[in-house]
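Asker: If you're matching them up, the sequences are chains A and B in order. Per the working numbering, numbering through the first sequence is continuous, rising by one, with the last residue being 63. Per the working numbering, numbering through the second sequence is continuous, rising by one, with the last residue being 1153.
These aren't lab readings, by the way, just hints derived from the structure by calculation. Certain hints may be false.
[Said to hold, decoys possible] Here are the simulated DSS-like pairs of lysine-lysine, each with C-alpha atoms no more than 25 Å apart in a straight line:
hint: 1; chain 1: B; residue 1: Lys1097; chain 2: B; residue 2: Lys1130
hint: 2; chain 1: B; residue 1: Lys1087; chain 2: A; residue 2: Lys42
hint: 3; chain 1: A; residue 1: Lys28; chain 2: B; residue 2: Lys1141
hint: 4; chain 1: B; residue 1: Lys1087; chain 2: B; residue 2: Lys1146
hint: 5; chain 1: A; residue 1: Lys42; chain 2: B; residue 2: Lys1130
hint: 6; chain 1: A; residue 1: Lys42; chain 2: A; residue 2: Lys54
hint: 7; chain 1: B; residue 1: Lys1146; chain 2: B; residue 2: Lys1130
hint: 8; chain 1: B; residue 1: Lys1130; chain 2: B; residue 2: Lys1035
hint: 9; chain 1: B; residue 1: Lys1035; chain 2: B; residue 2: Lys1021
hint: 10; chain 1: B; residue 1: Lys1146; chain 2: A; residue 2: Lys38
hint: 11; chain 1: B; residue 1: Lys1097; chain 2: B; residue 2: Lys1087
hint: 12; chain 1: B; residue 1: Lys1087; chain 2: B; residue 2: Lys1044
hint: 13; chain 1: B; residue 1: Lys1038; chain 2: B; residue 2: Lys1021
hint: 14; chain 1: A; residue 1: Lys54; chain 2: B; residue 2: Lys1021
hint: 15; chain 1: A; residue 1: Lys28; chain 2: A; residue 2: Lys38
hint: 16; chain 1: B; residue 1: Lys1087; chain 2: B; residue 2: Lys1021
hint: 17; chain 1: B; residue 1: Lys1038; chain 2: A; residue 2: Lys42
hint: 18; chain 1: B; residue 1: Lys1130; chain 2: B; residue 2: Lys1141
hint: 19; chain 1: A; residue 1: Lys42; chain 2: B; residue 2: Lys1097
hint: 20; chain 1: B; residue 1: Lys1035; chain 2: B; residue 2: Lys1146
hint: 21; chain 1: A; residue 1: Lys54; chain 2: B; residue 2: Lys1044
hint: 22; chain 1: A; residue 1: Lys28; chain 2: B; residue 2: Lys1146
hint: 23; chain 1: B; residue 1: Lys1044; chain 2: B; residue 2: Lys1021
hint: 24; chain 1: B; residue 1: Lys1141; chain 2: B; residue 2: Lys1038
hint: 25; chain 1: A; residue 1: Lys38; chain 2: B; residue 2: Lys1141
hint: 26; chain 1: B; residue 1: Lys1130; chain 2: A; residue 2: Lys54
hint: 27; chain 1: B; residue 1: Lys1141; chain 2: B; residue 2: Lys1097
hint: 28; chain 1: B; residue 1: Lys1097; chain 2: B; residue 2: Lys1021
[As the list claims (entries may be wrong)] Not the full set, but computed from the structure, chain B residues with beta-carbon under 8 Å of chain A:
hint: 29; residue: Val1002
hint: 30; residue: Phe1003
hint: 31; residue: Thr1006
hint: 32; residue: Pro1008
hint: 33; residue: Phe1012
hint: 34; residue: Pro1015
hint: 35; residue: Leu1019
hint: 36; residue: Thr1051
hint: 37; residue: Ala1066
hint: 38; residue: Ile1069
hint: 39; residue: Tyr1078
hint: 40; residue: Lys1146
Backbone N, C-alpha and C fix where the C-beta goes; we use that ideal spot for every residue, glycine too.
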Amino acid sequence: MVATKADIKKDSKTKFILGARPPQRLSKEDRELLLNLKPSVKTQSRLAHLPPLKIVDGATCGF
Amino acid sequence: MVFSVTSPAESFLRPQPFLNKLQFADDHERQYVRKIAKLAIDNKSRIYLLTNEIDTVYGFIALSLASTISMPCVVIDYLFTSLPYRKTQYAELDHRKVSEHLLDVAVLIAREVDTRLPVHYIALQPAHDKLVNFYQRFEFKRLHLKDWMFLRI
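Please build the complete structure, drawing on both the sequences and the hints.
Answerer: Below, the structure written as structure tokens:
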């Protein structure tokens, strides 16, 4: 895992690095797992019932 | 109550206005949020707030773009729910929690990007092992050798 230029240090209590990038090199097993992933039917079905996403511009409302 | 997803101006992400709008379980969380705001100010991540009509901030999600095995993906840099609103389901959010709704927002944004540019996955790195189950409920898949989880969009 590579930290960004922000050079945020790895926290000792977690594995989490803010701004970390996903791995480029993977084992054959993981690469196949990733390549064979299919879109989640459950997620697609749930999102189909939601209204289209509307994003408010914070500059217009005090954010 | 009416919830909105808001893209904050850079001036709002300066430590005082941003941190003052959120409540934290400990200083550890506060420091993470301060750092993610800095990433957003530096244009390395983009923050989307979940707000209501009286300017309460319930939480936020921070997203960026990257690639893995040469395939573009949206990365969830951070997902945060303000302390008073954790574990609460809201009828206005289809009886879902703030964190669950923010994940839906991430998927909707990734899908929107995918209409214009190819995006194959949403990727994230759970901060704790105990979060793995939460993301697995959304059908994120965990790699065998790395800490990352992926959802194909």
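Asker: Next step is simple, just say for each hint if it's right about the structure.
Answerer: Verification of the hints:
Pair hint B:Lys1097 plus B:Lys1130 holds up; C-alpha atoms about 17 Å apart against a cutoff of 25 Å. The straight-line distance between the Cα atoms of B:Lys1087 and A:Lys42 is roughly 22 Å, inside the 25 Å bound, and the hint therefore holds. Taken as a hint, the A:Lys28 and B:Lys1141 pair is honoured in the structure, with Cα atoms around 16 Å apart against an allowance of 25 Å. Taken as a hint, the B:Lys1087 and B:Lys1146 pair is broken in the structure, with Cα atoms around 28 Å apart against an allowance of 25 Å.
In summary, the hint linking A:Lys42 to B:Lys1130 is supported, as the alpha carbons are separated by about 22 Å, within the 25 Å threshold. Between the alpha carbons of A:Lys42 and A:Lys54 the distance comes to roughly 22 Å, so the proposed pair stays at or under 25 Å and holds. Restraint check: the Cα-Cα separation between B:Lys1146 and B:Lys1130 comes to about 16 Å, which is no more than 25 Å; the hinted pair holds. Restraint check for B:Lys1130 and B:Lys1035: the C-alpha separation of about 22 Å stays at or below 25 Å, so the hint holds.
Distance check on the hinted pair: B:Lys1035 and B:Lys1021 sit about 16 Å apart at the alpha-carbon level, within 25 Å; holds. For a cut-off of 25 Å, the pair hint linking B:Lys1146 to A:Lys38 stands: about 20 Å separates their Cα positions. Of the pairs offered as hints, the one joining B:Lys1097 and B:Lys1087 holds, with about 6 Å between alpha carbons and a cut-off of 25 Å not exceeded. Proposed proximity of B:Lys1087 and B:Lys1044 is contradicted: the alpha carbons are some 29 Å apart, above 25 Å.
A C-alpha spacing of about 16 Å is found between B:Lys1038 and B:Lys1021, which places the hinted pair at or below 25 Å, so the restraint holds. A hinted pair counts as satisfied when its Cα atoms are at most 25 Å apart, and A:Lys54 with B:Lys1021 qualifies at roughly 22 Å. Between A:Lys28 and A:Lys38 the CA atoms are separated by roughly 18 Å; this keeps the pair inside 25 Å, and the hint holds. Using a Cα cut-off of 25 Å, the hinted pair B:Lys1087 and B:Lys1021 holds, with the two alpha carbons roughly 19 Å apart.
Of the pairs offered as hints, the one joining B:Lys1038 and A:Lys42 is violated, with about 35 Å between alpha carbons and a cut-off of 25 Å exceeded. The straight-line distance between the Cα atoms of B:Lys1130 and B:Lys1141 is roughly 15 Å, inside the 25 Å bound, and the hint therefore holds. Distance check on the hinted pair: A:Lys42 and B:Lys1097 sit about 17 Å apart at the alpha-carbon level, within 25 Å; holds. Of the supplied pair hints, the one linking B:Lys1035 and B:Lys1146 holds, its CA atoms being roughly 23 Å apart against a limit of 25 Å.
Proximity of A:Lys54 to B:Lys1044 is assessed by CA-CA distance (about 22 Å); at most 25 Å being required, the pair is judged to hold. This hinted pair checks out: A:Lys28 and B:Lys1146 have alpha carbons roughly 13 Å apart, not beyond 25 Å. For the hint pairing B:Lys1044 with B:Lys1021, the CA-to-CA distance comes to about 22 Å; that is within 25 Å, so the pair holds. A threshold of 25 Å between alpha carbons decides the hint, and for B:Lys1141 with B:Lys1038 the separation of about 29 Å lies outside it, so the pair is violated.
Proposed proximity of A:Lys38 and B:Lys1141 is supported: the alpha carbons are some 10 Å apart, at most 25 Å. For the hint linking B:Lys1130 to A:Lys54, the alpha-carbon distance of about 32 Å lies beyond 25 Å, and the restraint is violated. Distance restraint check for B:Lys1141 and B:Lys1097: the Cα-Cα separation of roughly 21 Å lies within the 25 Å cut-off, and the hinted pair is therefore satisfied. For the hint linking B:Lys1097 to B:Lys1021, the alpha-carbon distance of about 19 Å falls within 25 Å, and the restraint holds.
For B:Val1002, the suggested interface contact is broken, since its CB lies about 11 Å from the closest CB of chain A, more than 8 Å. The beta carbon of B:Phe1003 is not positioned within 8 Å of any beta carbon in chain A (closest approach about 10 Å), and the interface hint is therefore violated. For B:Thr1006, the interface hint holds, the least distance from its beta-carbon to any beta-carbon of chain A being 4 Å, beneath 8 Å. Checking B:Pro1008 against chain A: minimum C-beta separation of about 4 Å stays under 8 Å; hint holds.
At its closest, the beta carbon of B:Phe1012 sits 5 Å from a beta carbon of chain A; the interface hint therefore holds under the 8 Å criterion. Hint status for B:Pro1015 relative to chain A: violated, with the closest Cβ pair at about 15 Å, above 8 Å. Interface hint status for B:Leu1019: violated, as the beta-carbon distance to the closest one in chain A is roughly 14 Å, over 8 Å. Hint status for B:Thr1051 relative to chain A: holds, with the closest Cβ pair at about 7 Å, below 8 Å.
Of the supplied interface hints, the one on B:Ala1066 holds, with its beta-carbon coming within about 5 Å of a beta-carbon of chain A, less than 8 Å. For B:Ile1069, the interface hint holds, since its Cβ comes within 8 Å of a Cβ in chain A; the closest pair sits about 6 Å apart. The beta carbon of B:Tyr1078 comes within 6 Å of a beta carbon in chain A, closer than 8 Å, and the hint placing it at the interface holds. Look at B:Lys1146: its Cβ gets to within about 5 Å of chain A, closer than 8 Å, so that hint holds up.
When the structure is compared with the earlier hints, violations turn up for hints 4, 12, 17, 24, 26, 29, 30, 34 and 35 and for no others.
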